[in-house]
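Number of protein chains: 2
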Amino acid sequence: MSRRIRRTPYTDRVEQAGVRGFSVVNHMLLPKAYRRTVEEDYWHLREHVQIWDVSCQRQVQISGPDAAELMQLMTPRDIRKARIGDCFYLPIIDANAGLINDPVMLKLADDRFWLSIADSDVLLYAMGLALGRGMDVDVREPDVSPLAIQGPKAEDLVAELFGVHIRDIGFFKYGWIEFQGTRQLIARSGYSRQGGFEIYLEGGHLGTALWDAVWEAGQPYNLTPGCPNVIERIEGGLFSYGNEMTRENNPLEIGLGRYCVLDGSIDYLGRAALQKIAAEGVTRKMRGLVFDGPPCPICSKPWPVMVGDQQVGQITSGTWSPRLERNIGLSLIDRGSWDVGQVVTVHMQNGAVADGQLSALPIP
Amino acid sequence: MSRRIRRTPYTDRVEQAGVRGFSVVNHMLLPKAYRRTVEEDYWHLREHVQIWDVSCQRQVQISGPDAAELMQLMTPRDIRKARIGDCFYLPIIDANAGLINDPVMLKLADDRFWLSIADSDVLLYAMGLALGRGMDVDVREPDVSPLAIQGPKAEDLVAELFGVHIRDIGFFKYGWIEFQGTRQLIARSGYSRQGGFEIYLEGGHLGTALWDAVWEAGQPYNLTPGCPNVIERIEGGLFSYGNEMTRENNPLEIGLGRYCVLDGSIDYLGRAALQKIAAEGVTRKMRGLVFDGPPCPICSKPWPVMVGDQQVGQITSGTWSPRLERNIGLSLIDRGSWDVGQVVTVHMQNGAVADGQLSALPIP
Chain A
1 MSRRIRRTPY TDRVEQAGVR GFSVVNHMLL PKAYRRTVEE DYWHLREHVQ IWDVSCQRQV
61 QISGPDAAEL MQLMTPRDIR KARIGDCFYL PIIDANAGLI NDPVMLKLAD DRFWLSIADS
121 DVLLYAMGLA LGRGMDVDVR EPDVSPLAIQ GPKAEDLVAE LFGVHIRDIG FFKYGWIEFQ
181 GTRQLIARSG YSRQGGFEIY LEGGHLGTAL WDAVWEAGQP YNLTPGCPNV IERIEGGLFS
241 YGNEMTRENN PLEIGLGRYC VLDGSIDYLG RAALQKIAAE GVTRKMRGLV FDGPPCPICS
301 KPWPVMVGDQ QVGQITSGTW SPRLERNIGL SLIDRGSWDV GQVVTVHMQN GAVADGQLSA
361 LPIP
Chain B
1 MSRRIRRTPY TDRVEQAGVR GFSVVNHMLL PKAYRRTVEE DYWHLREHVQ IWDVSCQRQV
61 QISGPDAAEL MQLMTPRDIR KARIGDCFYL PIIDANAGLI NDPVMLKLAD DRFWLSIADS
121 DVLLYAMGLA LGRGMDVDVR EPDVSPLAIQ GPKAEDLVAE LFGVHIRDIG FFKYGWIEFQ
181 GTRQLIARSG YSRQGGFEIY LEGGHLGTAL WDAVWEAGQP YNLTPGCPNV IERIEGGLFS
241 YGNEMTRENN PLEIGLGRYC VLDGSIDYLG RAALQKIAAE GVTRKMRGLV FDGPPCPICS
301 KPWPVMVGDQ QVGQITSGTW SPRLERNIGL SLIDRGSWDV GQVVTVHMQN GAVADGQLSA
361 LPIP
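Same order as they appear, the protein sequences are chains A and B. Mapping the first sequence onto this note's numbering, position 331 (from 1) lands on 331, and the numbers just tick up by one. Mapping the second sequence onto this note's numbering, position 256 (from 1) lands on 256, and the numbers just tick up by one.
Hint data in this document are derived by calculation from the structure and do not stem from the laboratory. Be aware that a few hints might be false.
Intra- or inter-copy, both count: the list cannot distinguish identical chains.
[Stated by the list, open to error] SDA-like cross-link-like pairs, simulated, lysine to any residue; straight-line CA separation at most 20 Å:
hint : residue 1 : residue 2
1    : K81       : V307
2    : K301      : G195
3    : K301      : R6
4    : K32       : R20
5    : K301      : R7
6    : K285      : D334
7    : K301      : E216
8    : K32       : I5
9    : K32       : R193
10   : K285      : W176
11   : K301      : G207
12   : K276      : A209
13   : K81       : A95
14   : K276      : G181
15   : K301      : G203
16   : K173      : G195
17   : K32       : K81
18   : K276      : R326
19   : K301      : Q16
20   : K301      : E141
21   : K285      : Q357
22   : K32       : G21
23   : K301      : E248
24   : K301      : I5
25   : K32       : R6
26   : K285      : I363
Predicted model only: the values in this text are computed from it and were never measured.
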């Protein structure tokens, strides 16, 4: 990989730990696999604790007198409700209510926010809006590289390493730890359903030291290097920007309605479009899907979901679940066919066709 | 790869042709290597003709009454000078004159432009600006997937396939061809110094047919599948956004001064910052660099360039040149040390240190 695909403060250690491949998110390396199979990692993540280099969750820092106004302009979620110490998951939408990103917003001060972003250049969108409106804000990417510690043993490990006060941090809240004389932000969050923390390391030069500290303290907890696990995230109904949602999708059909204020009490771009969609009712919804057959291939383009001869939707992520011993997927299904329990067929990209059934999310 | 890393209309054929790896540009697959080595591809590209899937050069279409105004806002190049049929290479800069992208602009009509972009979400920047200023424009990514035909035999091949009128298309101009009843844009351009064309295929469903047509007609010309060649591009002094330039760089230091109007005759964002840089004089410049030793590793982070104990710059792309039988690189060098012929040392990421010398660009 060339410099264009940016290394992270942890990449040297990730390589030493035996990484076998990377993906690219936000022009940055995301480890995709280590020595063990995805299935082995899945079971390990559910029982122990893992260290994940998620530096690719870049921060877009918005600060200055107009910071809160710019933040609100980009999202239908009411950010006035966020307090310092809160992590707010929220949709960012365009004028047609199409999804631009689904970041986590960290409110650092009344006039300073971080957006921990999925895979699109939110920085350029925010900068364009601010320049276009002549707002008094500073938009930048700070030197912040999240390191995730995920799994049921994460809390014990983090408490031992950084102090028991971290046990008091609530879900999607953040607090602070000290590391080598610096104050670092730590949130109870992460891209799994197994619990854990994300350290928003400020200062890339500390990356190797932080990795090593977690690594060493983690040995008694059976810590291994890991990465977002496709089986765990599909079972858990965790969506991925670019997979389950693109600018072709609005937040209501993706199930993000609880983050959308539709009563006109706040102003944001795309409000009229979103209100119209809400008034007319969404035409499709996200569903789990459990289907037959041998382990399915990787879903690198949407797979048609059919009822008889009629396409009623698509799968955008699919995998074999070793727990259910069935294939599972995340699917967007048309009104009229979206009831849980609906019998469907799945047409995979390798030509295979399998019978399946819609399920709730998370997939039980 | 998941759906998030988008396949292209040609990916099926690229896989059949034996692709051995991909890179990711604009959330899309870019073939990185086929069966032959980079060196073999280099020699072939200089003598014959290759077919490249460069769909990742996504188009940002800007159209509507305010399209020209929005275009001009984003770039210091005077776009009033572009005529329909012109391809304009141009820098897009932010308020600090930092480079956001270096696309090719195709003027399709007075009120309709395509930006054929490098690796950043220009669409989000343009959309943000337009929304922020309340401009009457439509900003979208059309279904356009460039296919490049590069190498000295490209013109003969394209003329045979689509008509001799393509011989009249000038460098960085575009014309039209007919393909299966559709009119398609073809430009004399491409990311090599060996000449060639890019077909901006509109309609992804035609991708396989277009690939097959070029492939078949290309056999007498010794056509092979290929991709941008790192040796050829470094020798040729072709820069890559994300490698040689980022938002930390301004267009003047990258050598793009001829695309920057500084006399105040046009308005664009970042003009004041750019004029200030011009008035003070740039502090560093792009140079070629030829250096000793065995074939260097891949440059995945900037390598310090030293004069004695003093760092005077950095290499951002480096490779072994089989033609020169030396290592070559693209470097950004500080004032005071930037003269061609300057003796330097290069400190590579594998710990190796080599003597070298600054050269002109392209590297002779």
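Taking the hints in turn, this is what the structure says about them:
no.	hint	result
1	K81 - V307	neither (43 Å within a copy, 56 Å between copies)
2	K301 - G195	neither (30 Å within a copy, 34 Å between copies)
3	K301 - R6	between (26 Å within a copy, 8 Å between copies)
4	K32 - R20	both (7 Å within a copy, 18 Å between copies)
5	K301 - R7	between (27 Å within a copy, 7 Å between copies)
6	K285 - D334	within (7 Å within a copy, 56 Å between copies)
7	K301 - E216	neither (40 Å within a copy, 27 Å between copies)
8	K32 - I5	both (15 Å within a copy, 13 Å between copies)
9	K32 - R193	within (18 Å within a copy, 35 Å between copies)
10	K285 - W176	neither (38 Å within a copy, 42 Å between copies)
11	K301 - G207	between (35 Å within a copy, 16 Å between copies)
12	K276 - A209	neither (51 Å within a copy, 40 Å between copies)
13	K81 - A95	neither (23 Å within a copy, 32 Å between copies)
14	K276 - G181	neither (52 Å within a copy, 39 Å between copies)
15	K301 - G203	between (37 Å within a copy, 17 Å between copies)
16	K173 - G195	within (13 Å within a copy, 56 Å between copies)
17	K32 - K81	neither (36 Å within a copy, 47 Å between copies)
18	K276 - R326	neither (39 Å within a copy, 63 Å between copies)
19	K301 - Q16	between (33 Å within a copy, 17 Å between copies)
20	K301 - E141	between (31 Å within a copy, 18 Å between copies)
21	K285 - Q357	within (15 Å within a copy, 61 Å between copies)
22	K32 - G21	both (5 Å within a copy, 15 Å between copies)
23	K301 - E248	within (15 Å within a copy, 35 Å between copies)
24	K301 - I5	between (23 Å within a copy, 9 Å between copies)
25	K32 - R6	both (15 Å within a copy, 17 Å between copies)
26	K285 - I363	within (15 Å within a copy, 56 Å between copies)
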